[in-house]
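Asks: For reference, the chains in residue letters:
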Amino acid sequence: MASSATKPTEELDRVAIRFAGDSGDGIQLTGTKFTEATALAGNDLSTFPDFPAEIRAPAGSLAGVSGFQVHFASEDIRTPADEPDVLVALNPAALRANVGDLRGGGMIVINADAFNAKSLERAGYAEDPREELRDRYQLVEVPLSTLNREALKELKLGTREADRCKNFFALGLMYWLYHRPLEPTIRWLEARFEGDVLEANLTVLKAGWNFGETTELFPVSFVIPKAKIEPGEYRNVTGNTALAWGIVGAGVQMQRPVFLGAYPITPASDVLHEIARYRHFGVKTFQAEDEIAAASAAIGAAYAGMLAVCTTSGPGFVLKQEALNLAVMTELPVVVVDIQRAGPSTGMPTKTEQGDLMLALYGRNSDSPMPVLAPATPGDCFHTMLEAFSIAVRFMTPVVVLSDGYLANSSEPWKIPDVDTLPRPEVRYRTDPEGFLPYERDPETGARPWAIPGTPGLEHRVGGLESEERTGNVSYLPENHARMVRMRAEKVAGIARELPPVEVNGAKQGELVVVGWGGTHGAITSAVNEAREAGLDVSSIHLRHLNPFPSDLGEVLGRFEQVLVPELNGGQLSRLLRAEYLVPAVSLPKEQGQPFKVAEIRARIDALLGGDAR
Amino acid sequence: MSSAVLTRKDFVSDQDVRWCPGCGDYSILANVQKVMPELGVPRENVVFVSGIGCSSRFPYYMDTFGFHTIHGRAPAFATGIKVSRPELSVWVVTGDGDGLSIGGNHLLHSIRRNLDIQILLFNNRVYGLTKGQYSPTSREGMRTKSSPDGAIDHPVDPIRFALGAGASFVARTIDVDASHLQQTLHRAHAHPGTAFVEILQNCPVYNDDEWIEVEDRKQRIANALRLEDGEPLVYGPKGARRGIRIENGVPSVVDLADDADPAAAGVALHRESHASPSYAFALASLARPEFPVPVGVIRAVEAPTYEAALDAQTRAATQKRGPGDLGALLRSGDTWTVEA
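The listed protein sequences correspond, in order, to chains A and B.
Per this note's numbering, the first sequence starts with residue 6, numbered consecutively.
Per this note's numbering, the second sequence starts with residue 2, numbered consecutively.
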């Protein structure tokens, strides 16, 4: 590991750095590399990439600013941190767009070369902000462009090519400042590039590190000791990667081939990209002509006996509803993943939200029950997918998984699961033609048989028209329809019998329980734990199963005087809890396209508990 | 179950057929049921997939696997089925509304992917199940409930649509011409790739006699151009023989004496396998009243199928990387160990 030989060091428990620059500056890459190095340094970490939907907005404009926040610590952390301690801003627009979030007195590292009249104007600064910032923050002005060009003068690179490396100069400098190992980044560069490009990136990475070692701008460097986390083998993983591996993993564990139908959409496309690389797992990916075809093909694949899935985001999820309703009617096991983003309509494609819960539950014509699951952390996306497939196949039903843009792109150290201890759900196709009826139900689960084409003697017809009980023949009889509606509802409701009891973080009863779901887990848990440490009587519940709810949820909620429901929407879960359990749930909505800050939830807890309880 | 012993009856389901009396679909159903046992495919490997509309009730009446899906999307469901299980014989049944209006996009993309499936498009030029609105293939000016002053849409031609999508097999046949229909179904099934078949079909309730010029046996001789590979484009009864000349892509009609040599008169020879679709387009542009209606296989060319290409990629990936190992996947890239 690289370490400073000549300067004093200081020990810190935790640091949050935000890298910011133009969307063409390679900020996401810089953040990702810093994260990888941080993971190998043994810290706990949580990241938050935040970028515009435009591929290359005009250079130097506020609209084009891309950011990547990395929070790392020697203790257990669950969020990317409310306020960064350090802002690395490669131009004035990046400074202006991000400085408001910075902790008071925090460090700002800027590319001093980028502060000229033209770029200040483009960022909307009437006058140079540096003078004023020096009073409130620790402003470090590094002539990044000059130093970067200087470092590359031996190589025959144009100014343009040389300038494109400056993010790696900044990265090298940050590696020095926080004692991160250079090796993982060097290995990555060597595997990816060759010739002048490789040489240039290696050179500036090391030059950045050496600059930290020699400059007087940084009198000390910082050590963040390794985190004391559960022993085991770890890796860094984003939600989308874990989700993709969960899909591949379901095929392996259930010993059935996987079919993924998808149409490109932010922020779900990365799942398709990831899985398309794993043909050797027998996974078939199909890039469909549209969202409807993606769902339809997946349902066709499920009909043919595959573990079928489609991945999308809100606008695509809307388009899939009619096809999914056919899967409800024909009771076929298909998993649909909605990686939610800010809406309505196109909304803010790269920004997170949890606005599709009601859509998942009630967005189809007529009574159309469908189980709904939501992962809580990036790594949890893996396990959620295994469970989703298991429920789909056991109960012969489509299943919705609600991830979100924050979970999709953020990352955390993930304890790699031991494959031998993962569940291996049984998959049974009907093969016996004796007494076969397509809608004869399993007495335990209510599932109909999975009777796939190619099985002699099981020829039968299914479709979107109402089916007669047991035979599956088309039926318009009133009593039959009523029975079928009820059976579909009871089958999905019955999944609750197999769910584990509600887990409460904190006391099992008391003044206040905070109920959340999905990607808000880290912020809620951090806020509740902090409040408890401060002496407040507050607990939390994080729901993985949104439909059906766990059987004991109503009873558990009833043991608390108040219920607070923070959600990145206008209050959808809180309305469901009020309707289902008649509890006085109070909503804490947030609709900014940004994840919760711990302090926002904490403030509401304090307010509900009288504020002066501390 | 051995396919050798199967008969037409083995493909008749126990469901009452509920089309209107006189509907062309009855004839199509009977002929499909007749052809099925002749194809040598085990019954359990046959899947009929449909969308919504009169034609889409078809799967209920076939004693095979059947999936009656949603409006316009049958090709997408069929794609999922065929990609998953290439050994299945997958038949899509659709209509002019289902296939070319709401489902136009899926029809286009399934054809260009060239999965080895059969798509039967029943074209009656009207919406039947919703009771008589004009369809995307209806003639301009057609008066219906939704077009009381006459339809102002320009119709789409299914054959040219399929050719435009890059179809490797395109054919047209007629609901009541049993032998031609059967022959066409055989050809469609034998073609390795997407076989698109337009079946001219009569709707006796909402658009009766739309195709009378080719459905009526007597008129058919004068008005239908039977396509045979390698044969000249000749039609018409004795005493009124005619041929089709195609010059610079432009077709024209030439009168032929009964004993005239069509080739000498410049009549084109039908070739299904032209690499360029231009000839097929010219042929497909023939329409009443100026020209006869071409029926038969308009285009049949060899092209790789989607599912074969996908399987080849899977085999290549497995050969190169070995079968997938989940434990290794989860450990790919950088990992580290936290000691107890």
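Please note: incorrect hints may appear among the correct ones.
Claimed, not checked - Here are a few chain B residues that sit away from chain A, every Cβ distance over 12 Å (derived from the structure):
no., residue
1, D15
2, S51
3, S85
4, R242
5, V294
6, A318
Said to hold, decoys possible - Calculated cross-link-like contacts (lysine to aspartate or glutamate; reagent style EDC-like; alpha-carbon spacing at most 20 Å):
no., chain 1, residue 1, chain 2, residue 2
7, B, K239, B, E214
8, A, K513, A, D542
9, A, K123, A, D168
10, B, K321, A, E538
11, A, K161, A, E204
12, B, K132, B, D117
13, A, K420, B, D209
14, A, K233, A, D81
15, A, K231, B, E340
16, A, K123, A, E136
17, A, K158, A, D201
18, A, K420, B, E214
19, B, K239, B, D217
20, A, K231, B, D335
21, A, K602, A, E88
22, A, K513, A, E473
23, B, K10, B, E45
24, B, K35, B, D11
25, A, K233, B, D64
26, A, K420, B, D326
27, A, K602, A, D90
Everything labelled a hint here was simulated from the structure, so no lab data went into it.
Yeah, the Cβ is synthetic: ideal placement off N, Cα and C, and Gly gets one too.
Asks: Of all the hints numbered above, which does this structure not satisfy? Sort the numbers upward.
Replies: Failing hints, ascending: 1, 2, 3, 6, 10, 12, 13, 18, 22 and 25.
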